[in-house]
Structure formats: structure tokens, C-alpha cells
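Enquirer: With the hints as extra help, turn the sequences into a complete structure.
The chain contents come next:
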Amino acid sequence: METPPPTETQPRFRLLPDSWTARAGVLLLLGGLILTTGSAVYSHWLAVPPVNRPLEALKADYVSSDSCRSCHPGNYASWHASFHRTMTQTAAPENFAGKMDGLELTYGALDYRVDRQDQSHVVRTKPKGAPASAYGKPQAIVLLTGSHHLQIYWTETGEGRTMGQFPFAYVIAEKKWAPMEQTFLVPPGNKQVYDKGDWNTGCITCHATNGRSRPGENGRYDSQVSEFGISCEACHAGGREHIAQNRNPLRRFALHWSDKPDPTLANPARMDGPTATLACGQCHSISAYKDLERTKALAREGSNFRPGMKELDARWVAQPNSTDHPVERAELLQLYPHFFGDSFWPDGMIRVTGREMNGTMASPCYKGGKFSCMSCHEMHPAKTDQASLTAWKEERQMKPGMAESNQACLQCHQGMAAKLTAHTHHAADSSGSSCYNCHMPHSAYGLMRSLRSHQISSPTVRESLDHGRPNACNLCHLDQPLAWTAAKLTEWYHQPAPKLDPDDRTLSAAAQWLLKGDAGQRALIVWSMGWGPAQKASGHEWFYPFLTFELNDPYAAVRYAAWKSLQTLPGFAGHEFDYTTDDAKQKEALAQAYQKWWFTVRKPDGRFPAQTILQPNGMFQQDVFDRLLDQRSKRKILLAE
Amino acid sequence: MHTSDRHLRFGWRSLFVFLSLGLVLETLHGFKLGWYLDVSSEIRRLMFTLAHSHGTLLALVNIAAGLTLRTVKGFELTNAASLALLWGSIVMPVGFFLGGLVIHDGDPGLGVVLVPLGALLLLYGVGSAARSLGKITPAK
Numbered sequence: 000m001e002t003p004p005p006t007e008t009q010p011r012f013r014l015l016p017d018s019w020t021a022r023a024g025v026l027l028l029l030g031g032l033i034l035t036t037g038s039a040v041y042s043h044w045l046a047v048p049p050v051n052r053p054l055e056a057l058k059a060d061y062v063s064s065d066s067c068r069s070c071h072p073g074n075y076a077s078w079h080a081s082f083h084r085t086m087t088q089t090a091a092p093e094n095f096a097g098k099m100d101g102l103e104l105t106y107g108a109l110d111y112r113v114d115r116q117d118q119s120h121v122v123r124t125k126p127k128g129a130p131a132s133a134y135g136k137p138q139a140i141v142l143l144t145g146s147h148h149l150q151i152y153w154t155e156t157g158e159g160r161t162m163g164q165f166p167f168a169y170v171i172a173e174k175k176w177a178p179m180e181q182t183f184l185v186p187p188g189n190k191q192v193y194d195k196g197d198w199n200t201g202c203i204t205c206h207a208t209n210g211r212s213r214p215g216e217n218g219r220y221d222s223q224v225s226e227f228g229i230s231c232e233a234c235h236a237g238g239r240e241h242i243a244q245n246r247n248p249l250r251r252f253a254l255h256w257s258d259k260p261d262p263t264l265a266n267p268a269r270m271d272g273p274t275a276t277l278a279c280g281q282c283h284s285i286s287a288y289k290d291l292e293r294t295k296a297l298a299r300e301g302s303n304f305r306p307g308m309k310e311l312d313a314r315w316v317a318q319p320n321s322t323d324h325p326v327e328r329a330e331l332l333q334l335y336p337h338f339f340g341d342s343f344w345p346d347g348m349i350r351v352t353g354r355e356m357n358g359t360m361a362s363p364c365y366k367g368g369k370f371s372c373m374s375c376h377e378m379h380p381a382k383t384d385q386a387s388l389t390a391w392k393e394e395r396q397m398k399p400g401m402a403e404s405n406q407a408c409l410q411c412h413q414g415m416a417a418k419l420t421a422h423t424h425h426a427a428d429s430s431g432s433s434c435y436n437c438h439m440p441h442s443a444y445g446l447m448r449s450l451r452s453h454q455i456s457s458p459t460v461r462e463s464l465d466h467g468r469p470n471a472c473n474l475c476h477l478d479q480p481l482a483w484t485a486a487k488l489t490e491w492y493h494q495p496a497p498k499l500d501p502d503d504r505t506l507s508a509a510a511q512w513l514l515k516g517d518a519g520q521r522a523l524i525v526w527s528m529g530w531g532p533a534q535k536a537s538g539h540e541w542f543y544p545f546l547t548f549e550l551n552d553p554y555a556a557v558r559y560a561a562w563k564s565l566q567t568l569p570g571f572a573g574h575e576f577d578y579t580t581d582d583a584k585q586k587e588a589l590a591q592a593y594q595k596w597w598f599t600v601r602k603p604d605g606r607f608p609a610q611t612i613l614q615p616n617g618m619f620q621q622d623v624f625d626r627l628l629d630q631r632s633k634r635k636i637l638l639a640e
Numbered sequence: 000m001h002t003s004d005r006h007l008r009f010g011w012r013s014l015f016v017f018l019s020l021g022l023v024l025e026t027l028h029g030f031k032l033g034w035y036l037d038v039s040s041e042i043r044r045l046m047f048t049l050a051h052s053h054g055t056l057l058a059l060v061n062i063a064a065g066l067t068l069r070t071v072k073g074f075e076l077t078n079a080a081s082l083a084l085l086w087g088s089i090v091m092p093v094g095f096f097l098g099g100l101v102i103h104d105g106d107p108g109l110g111v112v113l114v115p116l117g118a119l120l121l122l123y124g125v126g127s128a129a130r131s132l133g134k135i136t137p138a139k
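Residue numbers (numbering that gives the first Met the number 0), protein chains in the order written: chain A, 0 to 640; chain B, 0 to 139.
No wet-lab data here; the hints were simulated from the structure. Beta carbons are placed, not taken as given, at the ideal position from N, Cα and C, and that holds for glycine. Any given hint could turn out to be false.
[What the hints assert, rightly or not] What the simulated footprint calls covered on chain B by chain A, stretch by stretch (three residues with Cβ under 8 angstroms from a Cβ of chain A suffice, anywhere in the stretch; the number is not a length): (1) 20-29; (2) 35-48.
[Stated by the list, open to error] Computed spacing ranges between beta-carbons, pair by pair: (3) B:31 to A:606: 45 to 55 angstroms; (4) A:489 to B:103: 50 to 60 angstroms; (5) B:32 to A:218: 19 to 29 angstroms.
Expert: Structure follows, in C-alpha cells:
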């Protein structure tokens with residue numbers, strides 16, 4: 000039986016419409032659908048994670064900072080603008096502070112060359128002076144640390160996620176490359192600050208969020224972090240629960256209309272002083288590991304400390320003068336006798352930057368239970384336009400009006416405002432009436448400069464005599480001897496007058512520290528010579544010969560600070576000097592700078608005070624100069640920043 | 000007043016109001032006011048932009064409704080549908096605007112609850128208009 004032929008009345012299945020326009024439209028829609036599906040499949044299931052650097056993998060209860068953006072755009076913007084975010088970045092071309100393509104540098108016995116290959120930069124090395132054909136196998140630069148003062152570069156090693164170090168740092172302000180060890184205050188000849196794997200074991204703890212070293216066999220690491228840089232979760236624990244709970248708009252509005260904190264999220268701004276300080280201090284402190292087992296657990300799983308907790312989990316904040324953690328303390332000092340000496344002054348005051356919690360804890364203000372980092376700093380300013388955010392981050396993330404006023408201290412010491420000059424014995428508008436300058440002087444060092452101590456204290460001559468720390472008075476009055484300071488402190492604050500040797504009665508304390516002090520003291524003094532208030536209080540004319548002399552200091556960090564201070568003086572703006580160059584060229588530069596000062600800048604009729612160890616015409620009092628220089632401390636200084 | 004007149008009058012007046020709001024927003028841009036432009040005010044900017052765009056669009060919808068009523072024979076809007084369309088065109092953009100006046104981080108102010116109410120009114124009004132048009136037999 001034959002099937003009847005189809006008639007016009009029977010419907011016919013058609014894959015595409017008859018009209019060519021409609022067909023084109025359908026095909027376009029189909030193509031778009033395929034492309035969208037394909038890209039989704041690729042990005043979610045087929046994309047291969049990098050194998051030559053630590054991996055970003057969120058730990059169970061962590062969320063990424065991007066998750067916070069939609070509900071907290073202002074806070075996200077301030078975090079995004081901050082140097083915290085860029086503490087560690089992947090080596091995308093736009094993240095490099097310096098120009099990399101075609102960069103050629105020499106370090107030790109090796110020549111280094113950096114080239115761009117697609118979206119990455121690679122380093123090749125060859126023996127110094129060998130032809131270009133001798134360049135070896137390229138190694139990709141995969142991670143960058145820092146974006147404010149210095150940027151440090153980490154390379155693949157061919158050993159999984161174990162990081163190697165590019166031996167140069169980029170000094171951002173100078174747009175200059177410097178060997179790594181010449182960006183720290185370390186003894187001359189101290190080569191290679193970091194070794195292979197150091198990022199995975201050391202830097203990962205605080206230059207990324209929730210880092211897990213994950214050591215494997217043969218010194219290899221399979222490191223993971225929840226996020227590169229310091230993310231929202233570093234300070235606000237509980238993001239996942241917070242997001243889940245606040246999907247409910249009724250809950251959100253109930254919180255908006257109440258003053259109660261959201262219990263799902265840690266917020267240092269609402270914590271008591273010590274707890275809030277520890278949230279910052281998990282990184283901004285000198286800490287030591289409690290025991291081997293917890294150290295191993297930390298390496299495997301990362302820290303279980305979350306902001307809001309009262310104590311770190313695997314580490315303890317190590318204060319030299321405390322009696323806490325006696326067992327751990329004894330073991331620590333047995334293993335590392337210099338542990339405290341590398342970071343603290345002999346009286347226990349912290350002397351390196353980035354470890355502010357140690358100073359804060361030792362401050363009298365801290366004992367009240369309310370004082371914390373949040374008393375003076377804010378992580379999320381109200382104004383979020385680009386200009387305000389830039390000013391805020393450059394002003395050390397201070398609260399409005401607190402950077403250069405006494406407002407931070409007056410929050411509690413309100414009565415002091417009315418009797419300011421009676422207390423300071425300085426004019427109200429002078430730098431001597433700034434609380435910071437006397438109670439938080441620039442006696443800490445790091446990132447190639449002096450920084451304010453975060454241990455709030457009052458200046459004494461004893462701290463200088465007994466512990467070698469330049470006191471606040473003589474860090475500003477650089478031309479005055481300790482006897483002058485002692486007399487003022489006795490007269491104004493009834494401090495007992497210490498017994499002083501003849502030099503301390505007659506010679507500038509700062510000049511003495513420069514000539515016979517150790518590298519740590521010298522670095523602080525040469526930096527202060529570039530500090531406006533000190534120049535105003537001490538007269539800067541006598542700084543020139545000292546700063547030019549320090550261009551040949553054995554310590555690179557001191558040479559750098561001397562050069563930068565010299566540039567602040569009239570006649571030396573933009574003065575060029577390569578602080579990383581060899582000794583002979585340093586001496587040559589010293590001589591040129593000295594001659595420039597002597598013949599073109601020095602005032603011929605200038606009368607240089609005798610206590611500055613200069614003759615009236617500006618030449619050194621050679622006998623005193625030589626005697627003090629002979630006494631120069633040979634103690635090796637290594638400041639563990 | 001005839002229904003078409005009501006929609007036409009409302010449409011043109013509303014168009015004037017929400018175009019003026021656009022001018023205000025441009026002025027806020029012009030003077031770079033952080034209250035409107037800062038990242039922390041993102042939700043305010045979104046709410047005001049939505050108020051401006053919805054208000055303007057709905058004004059045009061009302062003008063279209065008025066013209067349709069005048070030109071399409073047999074097309075009618077019940078009084079309820081007409082009022083729903085009118086009030087929806089007010090309530091929704093005003094809800095966006097009030098939601099942007101006071102904000103809470105990434106959340107708009109409580110005024111935003113007017114938006115879904117306005118949306119329901121609009122759905123009813125527009126749906127009624129569509130149904131009414133569907134019933135008209137085309138002239139042969």
C-alpha cells in the first residue's frame with residue numbers, strides 16, 4: 000500500500016523559517032548561545048590553573064573581596080585603593096612598578112635580562128660579560144610584593160609552586176633598581192636577603208591572606224592562599240556566613256535601622272582595644288611560633304586565627320620585656336639569641352617598622368582597654384573619591400585631621416589643649432608642640448627611612464645614654480648636646496639630671512651619633528637631617544659636610560638616607576648619586592658633593608657653632624672628628640623588618 | 000475628563016518633571032558632587048538614574064496610551080486600569096528616587112518598597128490595555 004503524497008493542508012516540520020532574514024536571526028542567536036556556553040564551560044571546567052606559582056584557592060569559610068563589593072562599594076573602593084590590596088600581586092604587566100621589558104642588570108657574577116613574552120615577563124641569566132648568546136633558560140616572574148616604597152619580584156623555579164627571588168628590588172620613588180640587600184639595613188656584604196622558598200614559608204604569612212605553605216618533599220612547596228594581598232577577610236572574619244544571612248533584605252534593613260553590630264562578621268572598628276589591635280597585629284607585630292606541631296599545622300592548613308579572637312593560634316606576640324609564654328620564650332632565645340636584638344632597642348622598644356603592635360602594647364594608653372590602631376587610623380574613610388583616597392593612603396591611612404594635628408591624642412587628653420604651651424614649652428604652632436614629635440619620635444626604621452615609634456613615651460636623656468636610642472629632643476634639635484636636653488628636661492619636667500661625659504656636655508648628640516654611633520643610629524640621624532622640623536630647629540647649614548661624608552657610609556641604607564636628606568637642602572635639589580655603586584665611586588661622589596657645598600653653597604660668612612664639630616668656617620674640627628670616628632661602633636646591625 | 004486627556008496631560012507633565020530630574024543629575028555630575036558620584040554612593044546614583052529613566056519612559060507610555068485611546072477605535076481602558084497605569088507611573092519612579100535619598104552601603108533606603116507596588120500597578124494597567132487591544136476586531 001502506498002503512502003499518500005503530502006498535501007498542502009498537512010503541517011510540515013521546518014528546522015528554519017522560510018524567510019532568509021529570519022534564518023539569519025535564528026543562526027545569530029544560536030551562535031551567541033554556543034559562544035556563551037563554550038566560554039562558561041572553558042572558564043569553569045577547562046581552564047588550567049597556573050602551576051608555577053602559589054594558587055589562589057579560598058579556604059572553606061572565606062569569601063573573596065569581590066564578593067563584598069556589591070553591598071559595600073565604598074569600603075571596597077578604599078580597600079582597593081590601599082597598599083594592603085597590592086601587598087602581593089600576580090605578575091600581570093600592569094602590576095609592575097618599573098619598566099621591565101629589555102631590563103639588563105648585573106649582580107655578583109651574573110648578568111640578568113628581562114624580556115616580555117606574551118602576557119608575562121621572563122628573566123634570563125648569563126655569566127657576567129659573556130655574549131648575549133650565553134643567556135640561559137628563561138624563568139617567568141610570577142609574583143610581585145609591594146607597591147608603595149619597594150617592589151620585589153618572585154620567579155618560578157621549575158619546582159612547582161616554590162618561589163625563587165629576582166635579586167633586585169625596584170625603589171619606586173627613585174625609579175631605580177637596587178640589589179635586594181641594599182634596600183634593607185643589613186651589614187655590607189650580606190648577600191641575597193631571601194632564598195628559594197622563602198616566599199612560601201615567610202612572606203606568605205602576611206603578604207597574602209590565609210596563606211598555606213604546604214611543604215612537600217625535597218624542599219618543594221605546593222602553596223595556596225585565599226587571596227593575594229591583604230583582603231577583606233584578613234580583617235573581617237566570617238564573610239561566607241555574613242553573605243548567606245544577609246541575602247534576606249528584612250535582616251539587612253533591621254541592621255540598618257539598629258545600632259547593633261552584625262554578629263556574623265568581625266569588625267575591628269567595633270572591637271575592644273586589645274582585640275582590634277590584634278586584628279592588625281596578626282601581621283603588624285613581631286611574633287614567634289609556639290611549638291613545632293602548631294607550626295607544621297600552620298604550614299599545612301594556614302592560620303586558624305580570625306579577627307575577633309584574643310590570641311594568635313600558632314604564634315605569640317613576642318615582647319622582650321614580658322614574662323608571658325616562658326617556655327616558648329626560653330626555646331626561642333636558645334635557638335635565636337639575637338631574636339629581640341634585631342628588632343628592638345635594648346630597653347624593649349620596637350625599632351623596626353611594620354611591627355607597630357609591639358609598640359602599641361607597650362604604651363600606657365593601651366592599658367585602658369580602649370586604645371587601638373583604630374584610635375588614629377581608619378581603613379575605610381567616608382570620602383571615596385579618587386583624590387581623597389589617594390591623600391588618605393599617602394597619609395598612612397590616618398583618620399581625618401589626625402595626620403598633622405594633635406587631635407589623635409586630644410581624643411583622650413582633652414585637658415591638654417588648654418595648657419598646650421605650658422606643657423610643651425614650645426610655641427603652639429611650632430613642631431615642638433606636636434604630640435607626635437615628642438611622644439612618637441622617628442626612632443624606628445624600615446622601608447629605607449625613619450618612621451615614628453608606635454610606643455608612646457616621653458623623651459629622656461637616659462634612653463640615649465643607656466640604650467643608644469636618639470631621644471625625641473635631640474632628633475629635632477640635632478645641634479644640641481645631651482647636656483642641653485638634660486637641662487631642659489630637668490627644668491620643665493623635673494627629670495633627674497644624669498651624669499654626662501665631657502663630649503655629651505659640649506658636642507652635638509646627633510653629630511656624635513653620626514661619627515661614633517652604629518649603623519642604626521646613623522640611619523636615624525641622617526634621615527632627621529632631611530626632616531623639615533629638625534632643619535628649622537637646628538639650622539641646616541652644618542648638615543652638608545656630615546651628609547656628604549655619609550655618602551660613603553659602609554651601610555647602603557645609611558648612604559641612601561644621607562643622599563635623600565642632602566637633596567632636601569638648598570643647592571642640592573635633584574643631586575644625583577648612586578648609593579649602590581662601589582666604594583671608589585662613592586668616595587668620588589663624596590668629594591664632588593663636598594666641593595660643590597664648599598665652593599658654591601656654603602655661606603662664606605657663616606659661623607658654624609663649635610658643638611657641631613665644625614670650625615667657624617665650616618671645616619671639620621679634625622682632631623675631634625678623627626677621635627670620634629675612631630670610636631665608631633663596629634657592631635653589625637641587621638634590622639629585621 | 001476623558002481618559003485619553005488624563006493620560007496625555009499626565010504624560011506630558013510627568014515627562015517635564017523627569018526630564019528636569021535628568022538635568023539635575025547632569026548638574027550633580029557637572030559639579031562632581033561626592034554625595035552623588037562617590038563610589039560609596041553607587042546605589043544612590045543607580046536609584047536616581049532608574050528614577051529618571053523609568054519616570055521618562057513611563058511618561059511616554061502614558062502619552063502613547065492617550066494617543067492610542069484617541070486613534071484606535073474600540074480601544075478602551077477601564078477606570079481602574081487607567082488609574083493603575085497613572086499611579087504606577089508615579090509610584091515606581093518616586094520609589095526609586097526615595098530609595099536613593101537615604102542609602103545604607105549597598106542597600107537603598109526604605110522608600111524603594113514603593114517600586115514593586117508601582118510595578119504591580121503598571122502590570123495591571125499595561126496588561127489591561129493589551130487585553131483591550133486584543134479584543135478589537137480588525138476592520139476588513
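Enquirer: If you test the structure against every hint from before, which numbers come out violated?
Expert: Of the numbered hints given earlier, those the structure breaks are 1 and 5, listed in rising order.
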